[in-house]
Amino acid sequence: MALTRAEVEKWQKVAMEYLDKAGIILTAAEQRNIEIADLGLGEYEETGLALVVYYNDEKYCAKELILMPRQTCPEHYHPPIPEMDYIGKQETFRCRWGEVYLYVEGEAVENPKATPPERRKDTYTVWHEIVMKPGDQYTIPPQTWHWFQGGPEGAVVSEFSTRSADEADLFTDKDIQRLPEIIDED
Numbered sequence: 295m296a297l298t299r300a301e302v303e304k305w306q307k308v309a310m311e312y313l314d315k316a317g318i319i320l321t322a323a324e325q326r327n328i329e330i331a332d333l334g335l336g337e338y339e340e341t342g343l344a345l346v347v348y349y350n351d352e353k354y355c356a357k358e359l360i361l362m363p364r365q366t367c368p369e370h371y372h373p374p375i376p377e378m379d380y381i382g383k384q385e386t387f388r389c390r391w392g393e394v395y396l397y398v399e400g401e402a403v404e405n406p407k408a409t410p411p412e413r414r415k416d417t418y419t420v421w422h423e424i425v426m427k428p429g430d431q432y433t434i435p436p437q438t439w440h441w442f443q444g445g446p447e448g449a450v451v452s453e454f455s456t457r458s459a460d461e462a463d464l465f466t467d468k469d470i471q472r473l474p475e476i477i478d479e480d
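Residues in the sequence shown are numbered consecutively from 295, following our numbering.
Incorrect hints may have been included.
Simulated restraints on C-beta separations [to be verified]:
| hint | residue 1 | residue 2 | range |
| --- | --- | --- | --- |
| 1 | 402 | 447 | 23 to 31 Å |
| 2 | 352 | 319 | 23 to 31 Å |
| 3 | 406 | 378 | 32 to 40 Å |
| 4 | 337 | 403 | 23 to 31 Å |
| 5 | 307 | 381 | 36 to 44 Å |
Simulated pairs of lysine-lysine, DSSO-like, Cα-Cα distance not exceeding 30 Å [to be verified]:
| hint | residue 1 | residue 2 |
| --- | --- | --- |
| 6 | 307 | 407 |
| 7 | 415 | 468 |
| 8 | 307 | 357 |
| 9 | 415 | 357 |
| 10 | 407 | 468 |
| 11 | 407 | 353 |
| 12 | 407 | 427 |
| 13 | 307 | 427 |
| 14 | 357 | 304 |
| 15 | 415 | 307 |
| 16 | 357 | 315 |
| 17 | 468 | 357 |
| 18 | 468 | 353 |
| 19 | 304 | 427 |
| 20 | 353 | 427 |
| 21 | 304 | 415 |
| 22 | 468 | 304 |
| 23 | 304 | 407 |
| 24 | 315 | 407 |
| 25 | 304 | 315 |
| 26 | 427 | 415 |
| 27 | 468 | 315 |
| 28 | 415 | 353 |
None of these hints come from the bench; they were simulated from the model. Note that beta-carbon positions come from the ideal geometry of N, C-alpha and C, so glycine has one too.
Given only the sequences and the hints, what does the whole structure look like? Please build it.
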């Protein structure tokens with residue numbers, strides 16, 4: 295499913311409200327370029343996130359990730375890309391505002407704080423929980439399955455990583471389309 299330009303602009307404004315709460319200032323150009331990743335599912339408020347990419351080249355990347363309350367970035371993996379001499383993305387998350395529930399490979403928690411979207415819950419397989427509040431930081435090694443969800447007020451997370459090649463990400467949910475499709479209304 296595609297997003298309309300009006301929907302993108304609406305969600306960009308919402309993302310800016312969260313960035314304002316976190317005290318993160320963007321330039322006008324950065325505000326216009328906030329990516330609304332609805333993942334092709336047509337259920338952005340449940341599954342998706344907003345992203346601000348400050349910089350991304352063959353060595354490193356810096357981003358902001360914005361999640362609304364209980365919004366989920368679904369389970370995914372950053373695979374190696376041999377032709378790019380890329381072993382997969384290593385990323386460090388630092389919570390700036392709100393609370394985020396991060397799940398990675400490892401021992402599963404008995405009572406997770408996050409709840410995946412009901413109709414997609416069978417696509418979530420890793421349950422080692424890291425609860426992040428402002429100032430908390432966690433590094434996800436390359437080639438690690440992971441997913442995360444905004445807490446009850448949402449969250450803003452800074453990401454510092456090796457090169458981002460998100461277009462190559464693998465998802466446990468086969469319905470996901472990583473790159474957004476945006477259509478202009480007539």
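Hint check:
no.: 1; hint: 402 to 447: 23 to 31 Å; in the structure: holds (25 Å)
no.: 2; hint: 352 to 319: 23 to 31 Å; in the structure: holds (28 Å)
no.: 3; hint: 406 to 378: 32 to 40 Å; in the structure: holds (34 Å)
no.: 4; hint: 337 to 403: 23 to 31 Å; in the structure: holds (25 Å)
no.: 5; hint: 307 to 381: 36 to 44 Å; in the structure: holds (37 Å)
no.: 6; hint: 307 to 407; in the structure: holds (27 Å)
no.: 7; hint: 415 to 468; in the structure: holds (13 Å)
no.: 8; hint: 307 to 357; in the structure: holds (17 Å)
no.: 9; hint: 415 to 357; in the structure: holds (27 Å)
no.: 10; hint: 407 to 468; in the structure: holds (25 Å)
no.: 11; hint: 407 to 353; in the structure: violated (34 Å)
no.: 12; hint: 407 to 427; in the structure: holds (13 Å)
no.: 13; hint: 307 to 427; in the structure: holds (23 Å)
no.: 14; hint: 357 to 304; in the structure: holds (20 Å)
no.: 15; hint: 415 to 307; in the structure: holds (29 Å)
no.: 16; hint: 357 to 315; in the structure: holds (17 Å)
no.: 17; hint: 468 to 357; in the structure: holds (25 Å)
no.: 18; hint: 468 to 353; in the structure: holds (29 Å)
no.: 19; hint: 304 to 427; in the structure: holds (27 Å)
no.: 20; hint: 353 to 427; in the structure: holds (28 Å)
no.: 21; hint: 304 to 415; in the structure: holds (27 Å)
no.: 22; hint: 468 to 304; in the structure: holds (27 Å)
no.: 23; hint: 304 to 407; in the structure: holds (28 Å)
no.: 24; hint: 315 to 407; in the structure: holds (23 Å)
no.: 25; hint: 304 to 315; in the structure: holds (17 Å)
no.: 26; hint: 427 to 415; in the structure: holds (24 Å)
no.: 27; hint: 468 to 315; in the structure: violated (34 Å)
no.: 28; hint: 415 to 353; in the structure: violated (34 Å)
Hint check: violations occur at hints 11, 27 and 28; the rest are consistent with the structure.
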